[in-house]
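S.K.: The chain contents come next:
There are 4 protein chains.
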Amino acid sequence: MGILGASGYAGAELVRLAHAHPRLDIRWLGAREHAGKPLAEVLPGTVGVAGLGERTLTGFDPEVPDQVAALAGQLDVVFSALPHGKSAAVVAPLFRAGVRVVDLSADFRLRSLSTYERWYGKHPAPDLIADAVYGQPEINREQLSDARLIAAPGCYPTSAALPLYPLISAGMVDVSTPIVIDAKSGVSGAGRKARPNTHLPETAEGMRPYAVAGAHRHTPEIEQTLSLPDAPVSVLFTPQLAPMTRGILTCAYVRLTEATDNAAERARTAARRSYVGGLVSVLDAGRLPDTLWVRGSARAHVAYAFDPRTGWLVSMCAIDNLTRGAAAQAIQALNVALGWSDALGLPELAQFP
Amino acid sequence: MGILGASGYAGAELVRLAHAHPRLDIRWLGAREHAGKPLAEVLPGTVGVAGLGERTLTGFDPEVPDQVAALAGQLDVVFSALPHGKSAAVVAPLFRAGVRVVDLSADFRLRSLSTYERWYGKHPAPDLIADAVYGQPEINREQLSDARLIAAPGCYPTSAALPLYPLISAGMVDVSTPIVIDAKSGVSGAGRKARPNTHLPETAEGMRPYAVAGAHRHTPEIEQTLSLPDAPVSVLFTPQLAPMTRGILTCAYVRLTEATDNAAERARTAARRSYVGGLVSVLDAGRLPDTLWVRGSARAHVAYAFDPRTGWLVSMCAIDNLTRGAAAQAIQALNVALGWSDALGLPELAQFP
Amino acid sequence: MGILGASGYAGAELVRLAHAHPRLDIRWLGAREHAGKPLAEVLPGTVGVAGLGERTLTGFDPEVPDQVAALAGQLDVVFSALPHGKSAAVVAPLFRAGVRVVDLSADFRLRSLSTYERWYGKHPAPDLIADAVYGQPEINREQLSDARLIAAPGCYPTSAALPLYPLISAGMVDVSTPIVIDAKSGVSGAGRKARPNTHLPETAEGMRPYAVAGAHRHTPEIEQTLSLPDAPVSVLFTPQLAPMTRGILTCAYVRLTEATDNAAERARTAARRSYVGGLVSVLDAGRLPDTLWVRGSARAHVAYAFDPRTGWLVSMCAIDNLTRGAAAQAIQALNVALGWSDALGLPELAQFP
Amino acid sequence: MGILGASGYAGAELVRLAHAHPRLDIRWLGAREHAGKPLAEVLPGTVGVAGLGERTLTGFDPEVPDQVAALAGQLDVVFSALPHGKSAAVVAPLFRAGVRVVDLSADFRLRSLSTYERWYGKHPAPDLIADAVYGQPEINREQLSDARLIAAPGCYPTSAALPLYPLISAGMVDVSTPIVIDAKSGVSGAGRKARPNTHLPETAEGMRPYAVAGAHRHTPEIEQTLSLPDAPVSVLFTPQLAPMTRGILTCAYVRLTEATDNAAERARTAARRSYVGGLVSVLDAGRLPDTLWVRGSARAHVAYAFDPRTGWLVSMCAIDNLTRGAAAQAIQALNVALGWSDALGLPELAQFP
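Protein chains in written order, with the working numbering: chain A, 143 to 495; chain B, 143 to 495; chain C, 143 to 495; chain D, 143 to 495.
Source of the hints: derived by calculation from the structure; they are not laboratory data.
Computed from a predicted model, the values in this text were never measured in an experiment.
There's no promise every hint is true.
If several chains are the same, the list does not tell them apart, and a pair holds so long as it fits within one copy or across any two.
[Stated by the list, open to error] Calculated lysine to any residue pairs in the SDA-like style (CA-CA distance at most 25 Å, straight line):
1. Lys264 <-> Arg429
2. Lys228 <-> Ala267
3. Lys264 <-> Ala353
4. Lys335 <-> Ala353
5. Lys264 <-> Gly178
6. Lys179 <-> Gly428
7. Lys179 <-> Thr399
8. Lys179 <-> Arg429
9. Lys179 <-> Pro338
10. Lys228 <-> Ala211
11. Lys335 <-> Glu183
12. Lys228 <-> Ala332
13. Lys228 <-> Pro268
14. Lys228 <-> Pro338
15. Lys264 <-> Arg451
Kindly produce the complete structure, drawing on both the sequences and the hints.
M.R.: The structure is reproduced here in structure tokens:
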């Protein structure tokens with residue numbers, strides 16, 4: 143297998159996970175700006191690790207047919223952690239040449255081309271959108287079987303959809319009222335490039351919203367996953383930056399179709415039924431999620447609480463944005479596509495503390 | 143003036159602020175378990191500070207009339223940062239002996255005795271509840287004039303009420319729908335006592351909810367402040383611990399009575415009108431609050447955004463839980479009670495970064 | 143294999159690593175105060191992880207022969223992460239009954255009983271001291287072969303010894319001058335029990351020394367490892383708490399026997415020769431270590447710089463105190479004892495970022 | 143007074159402190175790249191603060207005589223927080239026009255032009271070096287009297303010199319042996335510009351050395367302050383970045399001329415004698431410094447411990463790099479120059495926690 147974009151955070155996490163996966167063998171590390179450097183230069187944690195640190199990052203021009211053919215002859219699957227708007231152009235020729243593709247960018251997530259172009263600009267390979275399967279394993283398990291172009295979900299949409307999908311499917315949610323989704327993410331979600339809003343002195347001890355009131359491009363992805371054919375869902379999504387490196391905690395507030403005292407228990411039952419065989423842990427009554435408990439893990443933790451005073455339900459989800467929210471979920475989707483168990487080669491235990 | 147409970151975090155902040163206040167002179171430092179120790183032993187930052195570090199923490203028995211009389215002869219005003227359920231018993235005899243009291247505990251915040259006792263247990267001085275003024279200066283300015291028993295508001299209620307009060311007063315909010323309040327607090331809000339959930343290795347890199355679905359005792363205080371005589375308000379309040387020391391960021395989601403595109407602008411106008419002369423900064427359109435910008439400051443930052451997709455309004459507020467959420471607000475309330483300007487002696491600038 | 147003390151940090155890390163190790167199978171989880179609880183209660187990250195979260199922590203009385211015999215019949219190896227002074231008493235009967243023991247406490251690290259008792263109090267099994275092998279794999283590789291009682295090294299001694307041992311062995315260090323060792327540790331090194339000095343509000347943003355001037359009990363362990371038979375070494379060791387969860391960065395300052403300009407290069411050569419086959423990465427000239435690059439990894443990063451102005455050498459080492467400094471190193475020592483490769487089943491890549 | 147470079151961290155701290163100073167009135171805010179913007183845009187904490195947030199940052203061309211004359215007519219003193227190599231060119235014409243200057247850059251700290259130029263490049267105003275007074279108030283009190291060009295010391299040199307100066311002056315230190323100085327700084331010391339090594343995900347949980355083995359330009363400044371006319375001092379200085387925003391903890395290790403058991407007590411006595419009237423707190427035996435206790439404070443905390451095993455002395459110092467290490471120390475130096483008390487208008491209490 144090959145990894146495109148190994149110098150970014152999702153790419154680095156792919157390297158860590160693939161290195162430990164019993165059936166994946168990293169044969170190629172593709173890069174753009176860092177091409178020609180040894181991996182140890184961009185990921186010093188690989189210094190001295192045999193077969194890894196001294197490997198060279200390789201440039202790749204998707205418009206040169208010979209390069210495409212050569213790579214396609216060498217790789218059965220490629221993971222792309224390139225940025226939105228860049229990834230599709232690079233993976234499209236590989237896909238057409240027969241390489242199975244797992245794309246961690248947003249390029250193949252949205253089924254509507256016009257929605258994509260409203261948020262991300264011109265699509266580099268619109269004709270492939272119909273070939274892509276949205277890679278949320280616990281939700282799209284059947285469609286993923288032998289999928290050859292997998293769009294790995296975004297981190298926020300993962301944390302919002304996992305707790306809510308079973309409830310909406312079970313008809314528990316009054317979707318005529320907006321769903322309020324308040325999400326807090328670690329700073330690694332902003333990527334590896336240093337910016338003023340990720341500068342430690344202005345990030346530590348700071349808690350702040352951004353892209354509020356529908357301004358974040360994960361909004362349509364969340365709605366796409368949660369909407370049923372006859373029941374569109376409207377979400378009010380508020381992303382926030384929390385002063386930590388990894389983790390997303392998402393609280394979603396829904397009005398119930400029936401506000402009964404056992405609503406949280408019904409929610410847990412629905413979620414447990416949906417997620418058999420997957421990597422979602424539904425917490426028992428009285429337990430609440432904590433991003434610390436899933437740090438570095440492929441698992442999502444989901445919990446529910448019913449508020450008797452208002453009759454609303456609080457849905458909570460904790461994930462590691464780089465693991466369950468990106469690299470591990472992408473590998474999990476590949477595992478499912480290839481008929482392996484979801485957890486094959488993936489860390490199910492957090493690195494705690 | 144005197145300070146009770148100087149070894150806790152709110153007390154330590156009172157010491158810092160009172161030390162710099164031009165009209166307050168710290169004459170007495172009362173303590174319970176640390177009585178007899180020099181202040182520098184419990185607050186090492188005071189080592190070497192003339193007139194402070196070598197001062198002795200003094201025990202005080204409110205049931206000994208001579209002690210009460212002696213203290214009352216010496217102090218015009220006392221701030222109490224003792225815990226809920228303990229504070230009222232200590233300050234009641236001082237108040238009765240003529241000392242002006244600013245109580246930072248919850249003991250005099252709730253007007254309903256039965257509500258108090260449901261959340262906090264038996265009230266130590268129920269007959270004084272009617273004498274107390276809720277000390278939110280920008281909201282209760284008139285009642286605070288010459289108030290002699292001031293109940294300083296809680297930190298979460300401050301961050302929830304400041305952005306919402308002007309909107310509800312102006313009739314902008316559809317109070318028949320629950321108000322969703324999602325609040326994230328720094329760990330100092332949990333107090334100075336070390337606990338498993340404040341242990342750095344299990345707190346850094348962790349974002350977690352607690353006391354969800356109406357289980358937090360600040361819920362009734364928020365509703366008391368926001369409810370109008372003929373329009374009770376129901377809130378769905380979710381407190382969360384963020385991996386930082388100070389700061390609260392609160393996002394409140396409300397359904398509007400009229401979902402017009404200029405709703406955020408109307409909200410800003412209403413808030414600015416309400417808060418003339420106070421210590422609330424209403425941010426311009428496009429700016430969002432950040433706890434870092436109010437760290438150590440007496441000011442609250444408030445912002446609004448309208449979500450055209452759902453027609454709901456997002457209200458945001460950032461405060462420092464120990465300054466605006468506790469000690470500075472208590473001094474501000476005293477300033478107002480004594481006819482001084484709100485900001486007298488208080489830090490309006492954050493310690494940045 | 144079995145793990146004693148799984149609810150502490152070193153124990154939790156043993157669970158994480160052993161769970162992923164291809165030749166270790168966690169058959170028994172021993173505990174004292176948490177006996178009877180499911181593992182998921184003390185390590186919520188295991189919720190939902192098949193074969194782990196629902197496992198029960200089991201009490202064990204080492205003074206009951208039947209319990210010892212039953213356990214010895216079931217386990218080939220046991221790792222103990224019990225506290226100093228408690229561990230030896232529990233593992234001694236298991237060792238005598240034929241179980242191979244890897245002890246992560248200090249109980250078997252010091253060869254001198256009197257030194258042990260000066261620092262730790264009465265030794266619970268002094269007759270076994272001579273049977274123990276100090277489990278620093280890269281330094282004691284030969285003695286570890288088939289070792290049956292392994293004393294896993296302390297975290298600070300690991301970070302101090304790895305960079306210095308090759309230099310002292312090569313005669314590069316003037317040991318008549320004290321070696322200055324300035325070490326900074328993450329807070330997890332203080333253990334899982336919440337204390338005032340690990341309370342997040344008083345730890346974040348705080349950098350502080352403790353147990354200075356020879357008052358830390360790792361001092362004799364460092365000197366034992368570094369001293370040659372005819373050349374005792376004297377260290378001036380300063381441990382410090384850094385505001386982070388994991389990681390130790392140690393800077394050691396030595397006067398050289400020959401202060402030549404190529405001293406750092408000579409040091410790198412000596413270290414690389416010593417550590418063939420091990421898990422120590424010696425950084426190239428110009429690279430400096432960072433605890434972030436070894437977070438969660440079994441590897442140590444070592445670097446050297448020569449100061450031409452003073453003629454002294456700066457030796458630097460970064461490790462993860464819980465992984466290389468405790469659990470991974472313990473498993474690495476077992477790997478070596480059993481003739482497996484050092485890295486078998488261990489994470490060589492940091493979880494980055 | 144005026145402030146040059148108000149948008150950087152030292153400048154922001156100058157604004158905070160000057161705003162609270164009873165005899166300083168901020169009349170002018172000079173800037174380069176941000177000229178024309180309101181202060182609230184670069185320092186959002188000033189939003190709504192009367193007389194501050196709406197103030198405009200003003201450009202200034204030191205080569206236009208009219209601008210110099212106009213500014214000199216308006217200001218009695220100017221603080222410059224411009225970068226090294228830029229500051230001198232801007233403040234020189236103001237100084238020549240009669241404005242008292244406190245320069246926080248390195249431009250006037252080193253008495254030797256050649257040393258300056260080796261580390262910082264061409265000096266913009268070498269003829270003024272002789273006019274400058276090094277502004278370490280407790281050390282240079284007499285020279286500071288009515289000083290008109292004050293070079294405020296660097297942060298590392300402050301933390302190194304304060305504990306060591308009294309010992310060296312008292313002849314306690316064997317200066318023929320190098321002094322080992324191991325210093326750990328918060329990230330704000332790297333300035334406000336976001337860089338890869340200040341990006342939160344690669345800084346939090348990371349402890350790392352940089353510019354080791356004499357490569358840091360504060361080395362000559364430390365040696366200049368500590369060297370006596372007949373006793374040059376040589377230091378081995380190791381700066382390190384700690385995962386926190388503010389604070390420096392420096393440990394300095396010295397060989398004593400007489401290694402007596404009461405060496406720490408003699409050191410405390412020497413320091414207390416040197417620092418009468420200043421803002422240095424010498425901690426009692428048994429207390430160790432913590433950067434948390436001086437966060438935001440003008441005070442330095444100093445402590446000593448004698449290591450009987452090696453006969454060396456450990457000197458420790460904690461300061462806030464932006465307050466005592468920059469802005470507060472600069473104002474303290476002005477206070478001394480003008481005959482005011484050291485602490486006038488300065489925060490002596492940390493913002494704790």
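S.K.: For each hint, tell me whether it holds in the structure or not.
M.R.: We went through each hint and held it up to the structure:
1. Lys264 <-> Arg429: neither (45 Å within a copy, 29 Å between copies)
2. Lys228 <-> Ala267: Close inside one copy (10 Å), not across copies (50 Å); limit 25 Å.
3. Lys264 <-> Ala353: For Lys264 and Ala353, the Cα distance is within 25 Å only inside one copy (21 Å; across copies 45 Å).
4. Lys335 <-> Ala353: Both ways: Lys335 and Ala353 sit 19 Å apart in one copy and 23 Å across, limit 25 Å.
5. Lys264 <-> Gly178: neither (30 Å within a copy, 37 Å between copies)
6. Lys179 <-> Gly428: between (50 Å within a copy, 16 Å between copies)
7. Lys179 <-> Thr399: neither (57 Å within a copy, 38 Å between copies)
8. Lys179 <-> Arg429: Intra 47 Å, inter 15 Å, cutoff 25 Å: inter-copy only.
9. Lys179 <-> Pro338: Between. Shortest inter-copy distance 18 Å satisfies the 25 Å Cα cut-off; intra-copy 27 Å does not.
10. Lys228 <-> Ala211: within (20 Å within a copy, 55 Å between copies)
11. Lys335 <-> Glu183: Answer is both: 16 Å inside a copy and 23 Å across each meet the 25 Å cutoff.
12. Lys228 <-> Ala332: within (17 Å within a copy, 33 Å between copies)
13. Lys228 <-> Pro268: Close inside one copy (13 Å), not across copies (52 Å); limit 25 Å.
14. Lys228 <-> Pro338: Both, since 24 Å and 23 Å are each at most 25 Å.
15. Lys264 <-> Arg451: between (47 Å within a copy, 23 Å between copies)
Of the numbered hints listed earlier, those contradicted by the structure are 1, 5, 7.
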